[in-house]
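Make the full structure from the sequences, and use the hints.
Numbering (our numbering), first residue to last: 1102 to 1326.
Watch out, some of these pointers could steer you wrong.
[Claimed, not checked] Straight line, CA to CA, 27 Å or less: simulated DSS-like cross-link-like pairs of lysine-lysine:
{"id": "1", "residue 1": "Lys-1265", "residue 2": "Lys-1289"}
{"id": "2", "residue 1": "Lys-1289", "residue 2": "Lys-1245"}
{"id": "3", "residue 1": "Lys-1260", "residue 2": "Lys-1289"}
{"id": "4", "residue 1": "Lys-1245", "residue 2": "Lys-1260"}
{"id": "5", "residue 1": "Lys-1245", "residue 2": "Lys-1265"}
Worth flagging that the hints you see were computed from the coordinates, not collected in a lab.
Note that the structure is a prediction, hence the values are computed from the model and not measured.
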Amino acid sequence: MPDREKKTPERDAGVLIIGLGRFGTALASTLDRLGQDVLAVERDERLVAQWSGRLPLVEADATNPEALEQLGARDFGVAVVGIGSSLEASVLVTANLVDLGTPQIWAKAVSSEHGRILQRIGAHHVVFPEADAGSRVAHLVSGKMLDYIEVEDGFTIVKMRPPKEMQGFTLAQSNIRQRYGITVIGVKSPGIEFQYATPETRVSSNDLIVCSGHADLLERFSARP
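Put into structure tokens, the structure is as follows:
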């Protein structure tokens, strides 16, 4: 979905994370570890007790706009709505953040219908963590890919072992781009730092290659022996 027009948050404005399910706790923990100014909000007292002392958090019901005002939600440049168990709560919290004028609102959706509602009421970014993870894992378990990132509109970046026809040859010699429509971005050899690819880059059987291109072309290329 296209991002909505949004304001640019101030530097160090902080991230407000609402909902401490698996998605919210993973996000809050990572941002906190990276030194970001984070505040988590959760209304379930059991989750608050579980994460108390491990994350900066408050117990509050974010579906109540007054509660958001009291905890200083206006001061945050980014808010993430990680609620997936209740569509009503997810929509109410997102609407409250829109009313507060939050510069960037990221919201988790559990279905395409949920996502459309969140976008229509003003969420700037809608994410589908379960669907995205499932799609990524499906690509990994079905072929030789070791990592898979779909960027946008089918454009994808993958990490994989090189097919036999590349091994022992330079990229110019194997002519992969012209033959398969994909681009080798770089090569990682054992014990050597990642190197961006050039026509003279030689690929061995022990290397890992990073390629980009349309998902369908990469799928076919990764299936080669």
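Comparing the hints with the structure gives:
1. Lys-1265 x Lys-1289: The given pair, whose Cα atoms are some 16 Å apart, holds under the 27 Å limit.
2. Lys-1289 x Lys-1245: Distance of about 16 Å is within 27 Å: holds.
3. Lys-1260 x Lys-1289: holds (10 Å)
4. Lys-1245 x Lys-1260: The given pair, whose Cα atoms are some 9 Å apart, holds under the 27 Å limit.
5. Lys-1245 x Lys-1265: holds (13 Å)
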